[in-house]
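Enquirer: Here is how the chains run, residue by residue.
Number of protein chains: 2
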Amino acid sequence: MGEPEGIIAEVQAIAAQAGEIALRYFGRVSAELKHDESYVTEADKQVEEFIRRQLGARFPRDGIIGEEFDRSRAGTSDWTWAIDPIDGTTNFVAGLPHWAVCIARLRDGRSELGVTNVPVLGEMYTAARGHGALLNGRALQIPDRLPPEHEQLLAVWSTAFRHITLEFPGKVRILGSTVLKLLYTARGAYIGALTPTVHVWDVASGLPVLWEAGGEARSFDGTLYEAADMDPAHGYAVPPLVLARPGLQKRVRELFTVTR
Amino acid sequence: MGEPEGIIAEVQAIAAQAGEIALRYFGRVSAELKHDESYVTEADKQVEEFIRRQLGARFPRDGIIGEEFDRSRAGTSDWTWAIDPIDGTTNFVAGLPHWAVCIARLRDGRSELGVTNVPVLGEMYTAARGHGALLNGRALQIPDRLPPEHEQLLAVWSTAFRHITLEFPGKVRILGSTVLKLLYTARGAYIGALTPTVHVWDVASGLPVLWEAGGEARSFDGTLYEAADMDPAHGYAVPPLVLARPGLQKRVRELFTVTR
Numbered sequence: 001m002g003e004p005e006g007i008i009a010e011v012q013a014i015a016a017q018a019g020e021i022a023l024r025y026f027g028r029v030s031a032e033l034k035h036d037e038s039y040v041t042e043a044d045k046q047v048e049e050f051i052r053r054q055l056g057a058r059f060p061r062d063g064i065i066g067e068e069f070d071r072s073r074a075g076t077s078d079w080t081w082a083i084d085p086i087d088g089t090t091n092f093v094a095g096l097p098h099w100a101v102c103i104a105r106l107r108d109g110r111s112e113l114g115v116t117n118v119p120v121l122g123e124m125y126t127a128a129r130g131h132g133a134l135l136n137g138r139a140l141q142i143p144d145r146l147p148p149e150h151e152q153l154l155a156v157w158s159t160a161f162r163h164i165t166l167e168f169p170g171k172v173r174i175l176g177s178t179v180l181k182l183l184y185t186a187r188g189a190y191i192g193a194l195t196p197t198v199h200v201w202d203v204a205s206g207l208p209v210l211w212e213a214g215g216e217a218r219s220f221d222g223t224l225y226e227a228a229d230m231d232p233a234h235g236y237a238v239p240p241l242v243l244a245r246p247g248l249q250k251r252v253r254e255l256f257t258v259t260r
Numbered sequence: 001m002g003e004p005e006g007i008i009a010e011v012q013a014i015a016a017q018a019g020e021i022a023l024r025y026f027g028r029v030s031a032e033l034k035h036d037e038s039y040v041t042e043a044d045k046q047v048e049e050f051i052r053r054q055l056g057a058r059f060p061r062d063g064i065i066g067e068e069f070d071r072s073r074a075g076t077s078d079w080t081w082a083i084d085p086i087d088g089t090t091n092f093v094a095g096l097p098h099w100a101v102c103i104a105r106l107r108d109g110r111s112e113l114g115v116t117n118v119p120v121l122g123e124m125y126t127a128a129r130g131h132g133a134l135l136n137g138r139a140l141q142i143p144d145r146l147p148p149e150h151e152q153l154l155a156v157w158s159t160a161f162r163h164i165t166l167e168f169p170g171k172v173r174i175l176g177s178t179v180l181k182l183l184y185t186a187r188g189a190y191i192g193a194l195t196p197t198v199h200v201w202d203v204a205s206g207l208p209v210l211w212e213a214g215g216e217a218r219s220f221d222g223t224l225y226e227a228a229d230m231d232p233a234h235g236y237a238v239p240p241l242v243l244a245r246p247g248l249q250k251r252v253r254e255l256f257t258v259t260r
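Chains A and B supply the protein sequences, listed in that same order.
So for the first sequence, our numbering puts the first residue at 1; every next one is plus one.
So for the second sequence, our numbering puts the first residue at 1; every next one is plus one.
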C-alpha cells in the first residue's frame, strides 16, 4: 500500500483540495455575513463526497466511515478511513477561522495516519505512527518548558461549563473545534485539553500528531486511550479524553471535577 | 483635523505597518516553537513605539495613552489616542492567531474612531462614530436573525470560570482577546460577549465598531457604557461589560451570575 510518507503526500493533496472546496462556501458566509446552516450542510456534503471519491479511487479495498452514517463503506483490507469534512461547523457558520478538514487511516480502531487541514490559517498537520508529526512540513514536538502558571492555557469544549468545574490558576481557551485541541496540544500551545464524548472521526486525524509529538490521550479516569471501538453498533463513540504530555496528565486531571 | 474617513485611512496605514512589525516576532515564535515571553515584551515595545512615533508626528497636539504608563503624553487638543500594541499577548506567545493591534481616538473618554488589525487573519476593522463600521472595507451590521438556540455563541474571558456561572443552552467561546469580543459581536458571530475589568485601550478600538454595527456595551447592572474615566489617577479602568445588540442585552445578562 506504499510507505506512510507517500500516502501522507497523497492524502495531503486531497485535504488541500477539500479545503479549497470548503473555503468557497466559507467565503460566501463571510462575504454575505449570512450565518445560514444550509451553507454548512451543503459544504459538509460536498467536501465529504469529494474525499470519499478520491479515497475510494486510490484505496478501493479500504473501508470509509464519516458523518454520513448510511453511506459508510466496509472494506476488504485491514484499513478504514475516518473523515470529518468540517470539524468545527458552528465556527464555519459563524465566520470564525477555527474549523478543519480531517482525514485519518485506522487499523483495528487505531489511528495510524492523520492529515488535518485548517484552511483559513494555512496550517496542514500530518503524522504517521513512527514517522513523526509535522506542521507545514516542520517537525512538531511538545516542548518541555512551561509558561508561568497564570499564563498556562487549558482548552475545554463549548459546553464544558455544564459538566465540569475548574480549579486552575491559568487561562481557559474554547475555540470550538475538537481536532484543534489535539493539534494545539501537540504544538505546546496548551498544557492540556479536554474533549467530551465525540465520534472517532472528530479525533482520528489529530491523534497521530499528538502521539508523535510526545503527547498522550487518556480517559478522565486515567486509562490510556489507544484505539476506537469500530463496531458500527456502538456508534464509533470516543470517551471524554485528557490530552497532554505524559508528565502533565495527572496534573491536568486534577484541575477539573465532573459535576454531571 | 480632517474628516474621519481621511483619519481612518491614515491610522489604518499605521496599524497595517504595526501589524507587519508584530508578525515578524510572531513568525519567530511559530517557526522556533519558542513560547518565550521575552519575544512578546520586545514585540509589544517595538509596536507601541512605532505607533506612538507615527501618531505623534501626525497629531502632535493629541494626547497618547497605552500600556507603558510612564510614557503617556498629555495633549493640548481635545483628543487622546489609546493604544494596545498587541491585545491577546498570551495567544501571541502561544502561537495562536487571535491577537490584534488596536488604535483608537477618544474625546472626553469616548471612543470616536477605532482601527483594529488582526494580522494573522488579514482582518482590518475600522469605524468612526456616525460613519459606519467596516471589515476590510465592507459594511458591518449585526444581523437580526439568530441561529438555533443550541448553536448560539456567547464569548467570555479566559478566567471567567473563577467569577461567573452560566445557565445557557448554547456554546461558549474563549478566544483570549478582549477587542475581538467587540468585533465578533459586531459581526454577529456571537449573540453576546462578556468582558472583565480591563483598561480603556483594550476596548477603545472595538467600541466604535460595535456601536456603528448596531451593538451596545452595558455594565453587568445594565448601565449603558459610553465613555471611560480619563483621570490618570483612576488607572483608565473599564468596568465589566455585556456586549450585544440592544434587543439581546437583557437576555445575555440573564445567562450568567457573578459568583465572586
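Just so you know, the hints here were simulated from the structure itself, not pulled from any lab data.
Among the hints, erroneous ones may be present.
Since the list gives no way to pick one copy over another, a pair counts as held whenever it fits inside one copy or between any two copies.
Heads up, simulated DMTMM-like pairs for lysine to aspartate or glutamate below, C-alpha to C-alpha not over 25 Å straight-line [stated by the list, open to error]:
{"hint": "1", "residue 1": "Lys250", "residue 2": "Glu49"}
{"hint": "2", "residue 1": "Lys45", "residue 2": "Glu3"}
{"hint": "3", "residue 1": "Lys45", "residue 2": "Glu151"}
{"hint": "4", "residue 1": "Lys250", "residue 2": "Asp44"}
{"hint": "5", "residue 1": "Lys250", "residue 2": "Glu167"}
{"hint": "6", "residue 1": "Lys250", "residue 2": "Glu5"}
{"hint": "7", "residue 1": "Lys45", "residue 2": "Glu149"}
{"hint": "8", "residue 1": "Lys250", "residue 2": "Glu216"}
Enquirer: Which of the stated hints cannot be reconciled with the structure, identified by number in ascending sequence?
Expert: 1, 2, 4, 6
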